[in-house]
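All chains should be modelled from the sequences, with the hints used to inform the complete structure.
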Amino acid sequence: MEIVLVGLNYRTAPVEVREKVSFSGDQAQRAAEELKARGILEETLVLSTCNRSEVYGVHPSANRKSAAALRSFWSSFHEVQPEKLTPSLYHHYDHDAVRHLFRVSAGLESMLLGEAEILGQVRDAYLKAHEQHVTGPVLNRLFQAALEIGKRVRAETELGTRPMGVASAGMKLAERIFGKLNERSALVLGAGTISEQVVSQLHDRKIKRLYLMNRSREKAEEFAKQYGGEVLNWGEWDTSLKFPDVIVSAVGVQDYLVTKPMVEKAMASRQNRALFLMDLGMPRNVDPSVGDIYNVYLYSMEDLTEIVKQNREARESEVPKAEALVEDHVAKFISWQASVELTGVLDTLRGNMKQRRAHFLAERLAGMNHFNAEDRERIGAMMDDLIEELLLHPAERLRAEKQVSRKIQNVEAIRDLFLHDREKS
Amino acid sequence: MIPIFVLLTVLAYLLSSGLYLNFLYTGKEVTGRLATVLMFIGLACHYGALLARAKAAHSVPYHDLQGSMSLFGWLLAVIYLCLEIYHRQRTVGAFVVPIILAFFFAANLVPDHPPTPSQPHGVVFALHVTLSILAYAGFALSCVLSLMFLAEERFLRIRRLGDVVWRLPPLELLERMSHTSVLVGLITIAVGTALGFVAVDRQAGQHWYFDPKYIVTILVVLLYVIYFRVARTATWRGARASILCVFNFILVVLSFTVVNIYFSSHHRYF
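Residue numbers (our numbering), protein chains in the order written: chain F, 1 to 425; chain G, 426 to 695.
Keep in mind the hints are simulated off the structure, nothing from the lab. Be aware that one or more of the hints could be misleading.
Straight-line C-alpha distance at most 30 angstroms; calculated DSS-like pairs for lysine-lysine [claimed, not checked]:
1) 309(F) x 453(G)
2) 20(F) x 172(F)
3) 453(G) x 172(F)
Below you can see the structure in the form of structure tokens.
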């Protein structure tokens with residue numbers, strides 16, 4: 001038995017290639033069924049996200065040929081010439097395939113180190129494949145372990161805790177002041193890409209009241225339609241700055257949009273309740289002196305970028321810790337796999353010996369007519385007992401072996417010495 | 426030989442303190458829960474230590490300085506745990522438990538004089554003392570929370586966000602928690618002081634006599650009432666109110682130490 005993985009990701013393939021050979025939900029299902037039906041893999045699972053497409057599988061024999069078969073299947077499935085696809089594909093077997101999946105699940109292989117979305121994507125891919133009955137005992141165990149390591153890394157290291165994007169860093173900072181934002185109100189100025197990221201973050205945090213303001217009202221209304229919220233008229237500063245606890249500005253203007261007197265006036269009418277301002281405009285939209293006002297917390301794009309940089313460094317420093325956890329889980333999985341293989345090999349060996357015994361007895365007893373059917377059966381049973389007895393002690397010793405690498409060597413040795421010819425045939 | 430309850434209390438508080446610190450740095454939920462469980466165990470053992478002390482001295486635990494300090498630590502632990510459960514906020518533990526531990530240590534490290542027999546003062550007096558010490562514990566907790574507020578606010582302003590700042594409670598929650606503990610302090614000191622007058626009346630048959638401690642206590646109450654009133658006004662909301670809270674507690678410490686030792690004739694250790 002071998003675990004095989006063939007895939008490509010943002011490191012090995014440009015986005016045009018990734019788009020062409022990725023698997024939609026239906027395609028993943030169809031590909032998995034075809035791989036099983038054609039006998040290329042015994043168990044299979046397709047993981048496809050915007051940054052990676054990977055096919056995991058289990059092949060009954062460890063002949064290291066399944067990756068080539070998978071590559072050729074992938075080309076034909078997407079009708080892409082193998083020469084164009086093959087350079088972008090990587091493949092791993094057994095330990096390396098297990099390690100790769102665990103690293104993916106832990107976010108160590110992600111473009112945004114430690115991102116949480118990948119764990120959900122691995123979970124979805126596994127649940128779909130499980131429902132489709134294309135996975136088996138090995139992939140079930142492998143993906144359950146992958147989900148476990150994903151959760152463990154995020155719980156036990158700093159890899160997943162700190163925000164990595166400017167918008168999410170800003171939201172986290174606002175939460176340092178107000179706690180959960182679901183009872184708060186926010187005003188977003190502008191309707192560009194950055195504003196949309198912020199609005200999406202506020203929407204995810206179930207902000208109680210969202211106000212949108214943009215020079216072109218139509219664009220703000222589009223946002224309001226998509227995320228909810230109330231559109232305010234551009235320039236109504238006196239009323240619009242009074243209520244929100246969070247103000248985010250990302251507008252392309254030359255002069256300051258929000259000035260110190262404006263905020264001072266707003267603070268007076270809001271009884272000096274804390275105000276969080278995020279200035280994501282380039283050049284700045286908010287006069288920096290606004291940050292000197294009592295109970296006003298002003299963060300510019302530069303400040304947030306610096307925080308994100310610090311967070312990235314902090315996450316990177318957690319990588320060795322996460323890798324140690326991954327290795328721990330790889331060792332556990334390999335140990336489990338070796339035990340399963342050992343049981344399988346011993347069963348096959350026992351089966352083979354009994355089959356040989358049947359042939360042997362049939363040949364040797366052919367001319368001995370003084371043995372009746374009952375005698376022959378008794379001799380057969382005695383020889384089966386002998387086989388069991390001969391296997392008992394070595395099997396116990398093999399199972400008791402603690403060192404995983406030695407256990408695997410022993411399994412391979414039994415396979416080579418007793419089962420190789422049969423597997424070849 | 427160290428009494429068993431003292432040993433167990435120190436052990437439980439030490440472990441709890443370490444786990445709260447670990448929780449502050451790692452955010453592991455299991456560690457936080459374990460810290461709380463150990464805190465409860467510490468609280469129970471601490472109670473046992475207080476009872477053992479009272480039994481050995483044939484007196485109430487606040488009869489001497491050590492006992493008063495130990496009771497203060499215990500009541501601080503009680504208020505802290507109530508606050509932790511009410512606000513579901515564990516990170517404060519890393520700052521409060523070491524203080525509790527320090528008071529417990531001090532109470533058990535200060536050389537013990539042989540217990541002097543004391544006259545029984547009755548339930549009203551006992552309540553007066555316990556409630557007054559509870560009030561001090563409430564004020565101490567609000568001081569810790571205010572200091573945390575000031576530190577976090579400062580870090581947010583200078584944009585220095587290390588590992589810990591991301592895990593501290595939000596500023597507004599720290600303010601709310603501080604208000605709650607000041608409210609506990611105000612109610613208990615008001616009731617405690619009133620009971621003090623009743624106790625004096627019963628014991629001495631005297632309705633009023635002068636003790637500088639009264640003036641200081643009234644000043645403390647007045648300042649905390651001011652804090653409570655102004656903490657939500659436009660001018661004081663936020664860092665200014667927290668500074669006032671810290672200042673008030675400095676006065677409490679002075680009342681607890683300088684006033685008791687040098688000026689008060691009837692208040693020694695509370």
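Original post:
Regarding the pair residue 453(G) and residue 172(F), is the alpha-carbon distance no greater than 30 angstroms?
Top reply: Holds: residue 453(G) and residue 172(F) sit about 19 angstroms apart, inside 30 angstroms.
Original post:
Is the Cα-Cα distance between residue 309(F) and residue 453(G) 30 angstroms or less?
Top reply: 24 angstroms, holds
Original post:
If you draw a straight line from the CA of residue 20(F) to the CA of residue 172(F), is it 30 angstroms or shorter?
Top reply: 37 angstroms, violated
In terms of the numbered hints stated before, the structure departs from hint 2 and from no other.
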